[in-house]
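Undergrad: Full structure from sequences and hints, please.
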Amino acid sequence: MSGLRKYEIDTPQYKFYKEMHEKVDLDYTLKMRKKYSKYDKCKMSIKKALSMMDDFIDPSDPDLDVPNSIHAYQTAERARKRYPEDKELQIAALIHDLGKVLFSYGEPNYSVVGDTYVVGCKFPDTIVYPETMENNPDYFKYHDKCIYEKNCGLENLVITFGHDEYLYGVLKHNKDLHKMTDRTMNMIRYHSLYPWHTGGSYDDFMKKGDEFILKDVLEFNSFDLYSKEDPIEITQSVKDYYDTLLDEYFFGEMEW
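Sequence positions in the sequence shown follow the UniProt record's numbering and run 1 to 256.
I should point out that these hints are in silico values taken from the structure, not numbers from a laboratory.
Mixed in with the good hints, there may be bad ones.
Unchecked claim - Here are the simulated DSBU-like pairs of lysine-lysine, each with C-alpha atoms no more than 35 Å apart in a straight line: (1) Lys43 - Lys15; (2) Lys122 - Lys48; (3) Lys48 - Lys141; (4) Lys215 - Lys150; (5) Lys35 - Lys207; (6) Lys47 - Lys122; (7) Lys31 - Lys145; (8) Lys175 - Lys47; (9) Lys23 - Lys172; (10) Lys47 - Lys215; (11) Lys239 - Lys141; (12) Lys239 - Lys145; (13) Lys87 - Lys207; (14) Lys47 - Lys179; (15) Lys215 - Lys175; (16) Lys150 - Lys122; (17) Lys179 - Lys43; (18) Lys175 - Lys87; (19) Lys122 - Lys239; (20) Lys179 - Lys15; (21) Lys239 - Lys23; (22) Lys81 - Lys215; (23) Lys215 - Lys122; (24) Lys81 - Lys150; (25) Lys81 - Lys35; (26) Lys141 - Lys23; (27) Lys215 - Lys34; (28) Lys43 - Lys141; (29) Lys43 - Lys31; (30) Lys23 - Lys47; (31) Lys43 - Lys150; (32) Lys15 - Lys122; (33) Lys18 - Lys179; (34) Lys43 - Lys175; (35) Lys31 - Lys15.
Just so you know, these numbers come straight off a predicted model, no measurement behind them.
TA: Below is the structure:
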């Protein structure tokens, strides 16, 4: 397990994050939030979104070179093994990356994948390849100041836009078309915020109750991260199991 998330120089991941960190600042993030706040890109079922992951391999991940759909089932199976009765958690694990359908809209990879971080405040050293943040337009602007108050709460932070925030927004917008709760939706929303849940940054912004979200996200992360070491063969019986669960938790096409 110690071999996971090893980020080295002169790799495709370094090139990816260097570009992301040079371009994704507060202004860009607010622009992307606005662009995807209307949910008018398409209407499709959650199963369709899952099938689209057959055609996507995450370029930011040093541990995966298989289609994202395989990782979806790997993560769900990890959750099922630990919590066989928690069907909602299993579904959250299955769908957690489906916001990556952003790739099909022609968005650059840095608007789709990668570890997220908070904008509008100083960049912590817990960000992957922290030295590349020096070329971010906000590096000096917010080096000694911050747009947030202490204990403002996670939900009030502006976090870089990507597949986490997009899927969270889709689920909120289509709240009458599924049975997912705030607990699992928050796991989805913050699972890529590694500087926070693994690095220990941004603690000053947490309010009472956010510690429970952190606990949930950390456990969820164990399914997400360590499942990458699991077999990549997904049996038909496994697919059928989750197909039935999706029918139970989602109702028809959602607006994306």
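Undergrad: Hint by hint, say whether it matches the structure.
TA: Hint by hint, here is what the structure shows:
1. This hinted pair checks out: Lys43 and Lys15 have alpha carbons roughly 34 Å apart, not beyond 35 Å.
2. Taking the CA atoms of Lys122 and Lys48, the gap is near 39 Å; set against the 35 Å cutoff, the hint is violated.
3. Distance restraint check for Lys48 and Lys141: the Cα-Cα separation of roughly 42 Å exceeds the 35 Å cut-off, and the hinted pair is therefore not satisfied.
4. Between Lys215 and Lys150 the CA atoms are separated by roughly 20 Å; this keeps the pair inside 35 Å, and the hint holds.
5. For the suggested pair Lys35 and Lys207, the alpha carbons sit about 29 Å apart, so the restraint of at most 35 Å is met.
6. Between Lys47 and Lys122, the direct Cα distance comes to roughly 39 Å. Violation of the 35 Å bound is thereby established for this hinted pair.
7. Straight-line distance between C-alpha atoms of Lys31 and Lys145 comes to about 22 Å, which keeps the hinted pair within the 35 Å bound.
8. Among the hinted pairs, Lys175 with Lys47 is consistent with the structure: their alpha-carbon atoms are about 17 Å apart, no more than 35 Å.
9. A threshold of 35 Å between alpha carbons decides the hint, and for Lys23 with Lys172 the separation of about 27 Å falls inside it, so the pair holds.
10. For a cut-off of 35 Å, the pair hint linking Lys47 to Lys215 stands: about 29 Å separates their Cα positions.
11. With a CA separation close to 49 Å, the supplied pair Lys239 and Lys141 exceeds the 35 Å bound.
12. Taking the CA atoms of Lys239 and Lys145, the gap is near 49 Å; set against the 35 Å cutoff, the hint is violated.
13. Pair hint Lys87 plus Lys207 holds up; C-alpha atoms about 29 Å apart against a cutoff of 35 Å.
14. For the proposed pair Lys47 and Lys179, the alpha carbon gap of about 15 Å is at most 35 Å, so the pair holds.
15. This hinted pair checks out: Lys215 and Lys175 have alpha carbons roughly 24 Å apart, not beyond 35 Å.
16. Under the criterion of a C-alpha separation no larger than 35 Å, the hint pairing Lys150 with Lys122 is consistent with the structure, at around 14 Å.
17. This hinted pair checks out: Lys179 and Lys43 have alpha carbons roughly 18 Å apart, not beyond 35 Å.
18. A distance of roughly 18 Å separates the Cα atoms of Lys175 and Lys87; the hinted pair therefore holds under the 35 Å criterion.
19. For the hint pairing Lys122 with Lys239, the CA-to-CA distance comes to about 44 Å; that exceeds 35 Å, so the pair is violated.
20. For the suggested pair Lys179 and Lys15, the alpha carbons sit about 39 Å apart, so the restraint of at most 35 Å is broken.
21. Straight-line distance between C-alpha atoms of Lys239 and Lys23 comes to about 38 Å, which puts the hinted pair past the 35 Å bound.
22. The straight-line distance between the Cα atoms of Lys81 and Lys215 is roughly 19 Å, inside the 35 Å bound, and the hint therefore holds.
23. At roughly 24 Å between alpha-carbon atoms, Lys215 and Lys122 fall within 35 Å of each other, so this suggested pair holds.
24. At most 35 Å may separate the alpha-carbon atoms for a hinted pair to count; Lys81 and Lys150 exceed this at roughly 39 Å.
25. For the suggested pair Lys81 and Lys35, the alpha carbons sit about 38 Å apart, so the restraint of at most 35 Å is broken.
26. Distance restraint check for Lys141 and Lys23: the Cα-Cα separation of roughly 14 Å lies within the 35 Å cut-off, and the hinted pair is therefore satisfied.
27. Taken as a hint, the Lys215 and Lys34 pair is honoured in the structure, with Cα atoms around 30 Å apart against an allowance of 35 Å.
28. For the hint pairing Lys43 with Lys141, the CA-to-CA distance comes to about 39 Å; that exceeds 35 Å, so the pair is violated.
29. Annotation: proposed proximity of Lys43 to Lys31 holds, straight-line Cα distance about 22 Å (limit 35 Å).
30. For the hint pairing Lys23 with Lys47, the CA-to-CA distance comes to about 32 Å; that is within 35 Å, so the pair holds.
31. The straight-line distance between the Cα atoms of Lys43 and Lys150 is roughly 39 Å, outside the 35 Å bound, and the hint therefore fails.
32. Simply put, Lys15 and Lys122 have alpha-carbon atoms about 22 Å apart, close enough for the 35 Å limit, and the pair holds.
33. A distance of roughly 38 Å separates the Cα atoms of Lys18 and Lys179; the hinted pair therefore is violated under the 35 Å criterion.
34. A threshold of 35 Å between alpha carbons decides the hint, and for Lys43 with Lys175 the separation of about 14 Å falls inside it, so the pair holds.
35. A threshold of 35 Å between alpha carbons decides the hint, and for Lys31 with Lys15 the separation of about 23 Å falls inside it, so the pair holds.
Violated hints, listed in ascending order, are 2, 3, 6, 11, 12, 19, 20, 21, 24, 25, 28, 31, 33; each of the other numbered hints is respected by the structure.
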